[in-house]
Amino acid sequence: MTVALDLARSLSVGAPEVVLAAGACLLLLLGAFRGDRAADGLSWAALLVLALAAVPLIDQPAGTTLAWGGLYVADSFSRYLKLLLYAGSAAAILVAGPTLRRAGIWRFEYPVLILLATLGMGLMVSAHNLLTLYVGLELMSLSSYVLAAFDRDNPRSAEAGLKYFALGALASGLLLYGVSLVYGFVGSTDFVAIARELSLGATRNFGALVGLVFILAGLAFKVSAVPFHMWTPDVYEGAPTPVVAFFATASKVASMGLLVRVTIEAFGGLKPDWQQIIVFMAIASMLLGAVGAIAQTNLKRLLGYSAIANIGFALIGLAAGTADGVAAVLLYMAVYLVMTLGAFLCLLALTDGEGRLHDQLADVAGLARMRPWLAAALATFMLSLAGLPPLFGFMPKLAVFNAAIEANLWGLAILGVLASVIAAYYYLRVVKLMYVDGPADFVPMPHDQGANPLLMVAAATISSPLGYALLGPLSAAGAAAAAALF
Amino acid sequence: MLSVMILLPLAAAALVLALGDAARSRAVAFGTTLVLLAMGILLWLRFDPSTAAFQFTERAELFGGLFSWHLGVDGISLVLILLSVFLMPLCILAGWESVKTRVSGYLAAFLVMESLMIGVFASLDIVLFYIFFEAGLIPMYLIIGIWGGARRIYASYKFFLYTLAGSVLMLLALIWMVREAGTTDIPALMAHDFPVRAQTWLWLAFFASFAVKMPMWPVHTWLPDAHVEAPTAGSMILAGVLLKMGGYGFVRFSLPMFPHASVELMWLVFGLSMVAVVYTSLVALAQADMKKLIAYSSVAHMAFVTGGLFAFNPQGIEGAMVVMLSHGLVSAALFFCVGVVYDRMHTREIARYGGVTDVMPRYAVFFMLFTMASIALPGTSGFVGEFLSLLGMYNASSLLGVVMTTGIILGAGYMLWLYGRVAFGTVTSDEVRAMPDLKPREWAVMLPLAAAVLAIGVWPGPVMAPLKAPVASLAARLAQAEAPQQAVLRPAALQGVAP
Chain A
11 MTVALDLARS LSVGAPEVVL AAGACLLLLL GAFRGDRAAD GLSWAALLVL ALAAVPLIDQ
71 PAGTTLAWGG LYVADSFSRY LKLLLYAGSA AAILVAGPTL RRAGIWRFEY PVLILLATLG
131 MGLMVSAHNL LTLYVGLELM SLSSYVLAAF DRDNPRSAEA GLKYFALGAL ASGLLLYGVS
191 LVYGFVGSTD FVAIARELSL GATRNFGALV GLVFILAGLA FKVSAVPFHM WTPDVYEGAP
251 TPVVAFFATA SKVASMGLLV RVTIEAFGGL KPDWQQIIVF MAIASMLLGA VGAIAQTNLK
311 RLLGYSAIAN IGFALIGLAA GTADGVAAVL LYMAVYLVMT LGAFLCLLAL TDGEGRLHDQ
371 LADVAGLARM RPWLAAALAT FMLSLAGLPP LFGFMPKLAV FNAAIEANLW GLAILGVLAS
431 VIAAYYYLRV VKLMYVDGPA DFVPMPHDQG ANPLLMVAAA TISSPLGYAL LGPLSAAGAA
491 AAAALF
Chain B
2 MLSVMILLPL AAAALVLALG DAARSRAVAF GTTLVLLAMG ILLWLRFDPS TAAFQFTERA
62 ELFGGLFSWH LGVDGISLVL ILLSVFLMPL CILAGWESVK TRVSGYLAAF LVMESLMIGV
122 FASLDIVLFY IFFEAGLIPM YLIIGIWGGA RRIYASYKFF LYTLAGSVLM LLALIWMVRE
182 AGTTDIPALM AHDFPVRAQT WLWLAFFASF AVKMPMWPVH TWLPDAHVEA PTAGSMILAG
242 VLLKMGGYGF VRFSLPMFPH ASVELMWLVF GLSMVAVVYT SLVALAQADM KKLIAYSSVA
302 HMAFVTGGLF AFNPQGIEGA MVVMLSHGLV SAALFFCVGV VYDRMHTREI ARYGGVTDVM
362 PRYAVFFMLF TMASIALPGT SGFVGEFLSL LGMYNASSLL GVVMTTGIIL GAGYMLWLYG
422 RVAFGTVTSD EVRAMPDLKP REWAVMLPLA AAVLAIGVWP GPVMAPLKAP VASLAARLAQ
482 AEAPQQAVLR PAALQGVAP
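Residue numbers (this note's numbering), protein chains in the order written: chain A, 11 to 496; chain B, 2 to 500.
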């Protein structure tokens, strides 16, 4: 009887995941019967599933609820991230149709894979146990590998998928090894139990620390923090653009959320130790991302380096390790998701007469004279990603620096602002190409973009100074979510 | 009122972009700047000069309590807002014919600049100030980059990255201050006593930003490049208003918020100001390009501002403010003078000119007037400011006063030499002979500038009246910080200054 009760309760607490899992299976069956003709219908159905999954989230009671025997947690932190994730996934499904159809790869698996990856991400941010963490991460990763190689006849896409898989599998191996070490030294995989054991301050903490290092390495791969960033530019360049938009937004948000939850909730007792690692990763990512992007000639690769640098900035908030810091990370990821999505939407609009995408940096030259609104939108996203006031991208940067100064991490803060100056150079270069330089040979021709223009306008509005109107609710939600971890 | 002054040009910029048509865009932009000028004058008339408190304050909690939309002006910011709204219609007129490509974008950039400049001077919230302060970089980058000269790309990057690098350290200091004082309110921060030891670091971080913006020697090298490559109106607004943001930063932030550090590090500012005045004046003498010469003279004039401000007495600070105002008018006018002949000859090389007096006598008169104002001849606005600031500097340190006075002599040297080579002599080239005299549009720019320069020169009362009260309260706050340290620090400070 109690088992049944517990199951019923767990199903209701984990309702978003249940909806997603059931929805994904159902759509998969439908797709198997109906074939690729159903891709459009399935996309809309997938959006519906995401919306249905968001309903229990919005209704979710306040406070922290454990379910599935403590494997799963529903709190305001997971809720905040899941809402972001669902938005990112929905956008990834919405933007894909027109582009993938033109490329002849609009297959029914796409929305299903996105749903499965989203399910994995939901499990990641709701993980309360190292095993849930691993299961969620693998579900996301395996779906992602397939998505990266979605354009399977294109060698670049296949290469991206293979590279992502090989390196990702290595990272998963490292992570799993770390999990086993932690289990061996602490005796549990439950976050609360780990935190309790570590707070006793026994000497075996050292073993757990070694395990944590491996776990951090595995997670650093997923968020593409230096020194585990190598796959990022290659995968960004090779994978189909809508898929990259998904990796750059939802994937990053989920992995970052997981990283924050593991370090703060389970390993909060080892903060002085992991803080050094995070500080190093933040500095290295910011600097390498900024310097590496300077020499790029491909816009997607450039955005790959931009992702590395931006993750570095987000990690500043985690390095602080305070509630303010976590709130800053959450604000950062929300705004980052919008800006990056917008940048990819602009890329998707760079099509030629035959509908092929052009993603070289030189292709945007003179864009301001040919497509002024598109150029204005891309300039907004670029300057916002650079964190230049008055664009909204400045606010999350301000928040993470605020957290760093609260934690007295002056060296990190100073290197961070200097890296942002270096990074400003390459973002400005895109603006310069569009506004100052003359038109290149490539003349972009508008093609059917589906819902993209609407999404782009929405993203540009949020990234522009008008986004400050959202600052109040966003930071309040972020602060509430961060408070759940402390 | 202030919110309207900030939002109106933004709305006009959007309208201009939407119109896209050059003639109508010009009309809208010019009309908007005139309306703003009228609003600025109204502000001036309704301003109560008897108090140091902020007036016309507005406050709205738009940003979730993290910071607020808080505006207001005291005499210091009022004067600089007046300068901005006065120069802006003239800038629009200056580019009326010479800018032919992408006119609506150009005008929109200037309107956005105007909004941001008013925002900088009117912000009473430190985060809001920072946003306005930094936001100005983007339109200026575009103005130099799109409508500039041959090396515009280099100059625009240099301008952008230099000033950004200076400002980011200020951002960190600002965050620390907000955490320490628990408020983003500028009036509250001005009254807050920060720990003496921390003040030095905060002061240095703010100094990094304002010194670049000002610019002070040795971080002035972006200025000549930016000026030379910017279109005429861009140079006018850059020299006229943007440089003043550095001086405004010192008056609004460095001096009142970190009085102890200001007293302690006064030798640094004095030393840099002295080097700047002598060195950049000598460099100006050696220039072959008219715009570069005026750009270097700007650096020298800005040294009067820093020297006067850090004299810590009312004369010095008031003098520095008037120098800023006067330099804003005079350097804008001089850049316009260069623009006038550049539009005709398409060269800024001094050696290509000569004998302009013969072919353009009316132009030569105006050019002469502004040259004299730059030298600080009595009767022009330059004299009032430089005399007062020198008076203040003599009171603080006679060595400083003596060295800074050489700046006036050297200034007379390079400006007169410039004028002599361009205006006098015999006409040798046919190109010069073919130049027509001033057109009505150019008269419309020259006359208001000349009138303002002369008016401030003979009757500075109306513009100095609003300055009195805030300067007095600032000097009192500095004197308080200076008093206990006077015995120990003053002599040391002066030794540090000695070459």
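Incorrect hints may have been included.
Said to hold, decoys possible - Now the in silico label distances, taken between C-beta atoms and shown as ranges:
| # | chain 1 | residue 1 | chain 2 | residue 2 | range |
| --- | --- | --- | --- | --- | --- |
| 1 | A | G363 | B | A24 | 33 to 43 Å |
| 2 | B | A287 | A | D362 | 51 to 61 Å |
| 3 | A | P449 | B | E98 | 41 to 51 Å |
| 4 | B | S99 | A | R366 | 52 to 62 Å |
| 5 | B | D49 | A | I424 | 41 to 51 Å |
| 6 | A | G365 | B | A287 | 55 to 65 Å |
| 7 | B | A61 | A | I424 | 28 to 38 Å |
| 8 | A | G45 | B | A24 | 57 to 67 Å |
| 9 | A | L476 | B | A24 | 50 to 60 Å |
| 10 | B | W444 | A | L476 | 35 to 45 Å |
| 11 | A | L62 | B | A61 | 52 to 62 Å |
| 12 | A | A461 | B | A456 | 56 to 66 Å |
| 13 | B | S99 | A | P449 | 18 to 28 Å |
| 14 | A | P449 | B | A352 | 51 to 61 Å |
To be verified - Listed below are several chain A residues computed to face chain B (Cβ distance under 10 Å; list not exhaustive):
| # | residue |
| --- | --- |
| 15 | F224 |
| 16 | R439 |
| 17 | L484 |
Simulated from the structure, these hints should not be mistaken for lab results.
We treat Cβ as the ideally placed atom computed from N, Cα and C, and that holds for glycine.
Hint status (Cβ of L484 of chain A to nearest Cβ of chain B, threshold 10 Å): 8 Å, holds
Satisfaction of the hinted span 52 to 62 Å by the C-beta atoms belonging to S99 of chain B and R366 of chain A: Check failed, 41 Å falls outside 52 to 62 Å.
Assessment of proposed distance window 52 to 62 Å (beta carbons of L62 of chain A, A61 of chain B): 39 Å, violated
Range hint compliance [Cβ, S99 of chain B to P449 of chain A, 18 to 28 Å]: Roughly 24 Å apart at Cβ, these two residues keep to the hinted range, so it holds.
Range agreement (Cβ of D362 of chain A with Cβ of A287 of chain B, hint 51 to 61 Å): Holds - the Cβ-Cβ distance for A287 of chain B and D362 of chain A, about 53 Å, lies within 51 to 61 Å.
Hint check for A24 of chain B and G363 of chain A - Cβ pair distance inside 33 to 43 Å: 35 Å, holds
G45 of chain A paired with A24 of chain B, Cβ distance criterion 57 to 67 Å: Hint holds: Cβ distance 59 Å, inside 57 to 67 Å.
R439 of chain A as an interface hint toward chain B, with CB separation required under 10 Å: Given a least distance of 9 Å, the restraint on R439 of chain A holds.
Verdict for L476 of chain A, A24 of chain B (Cβ pair) under range 50 to 60 Å: 30 Å, violated
Assessment of proposed distance window 41 to 51 Å (beta carbons of P449 of chain A, E98 of chain B): 26 Å, violated
Verdict for P449 of chain A, A352 of chain B (Cβ pair) under range 51 to 61 Å: 38 Å, violated
Whether the CB-CB distance between A61 of chain B and I424 of chain A falls inside 28 to 38 Å: 33 Å, holds
Against the hints set out earlier in the document, violations occur for numbers 3, 4, 9, 11, 14 and 15.
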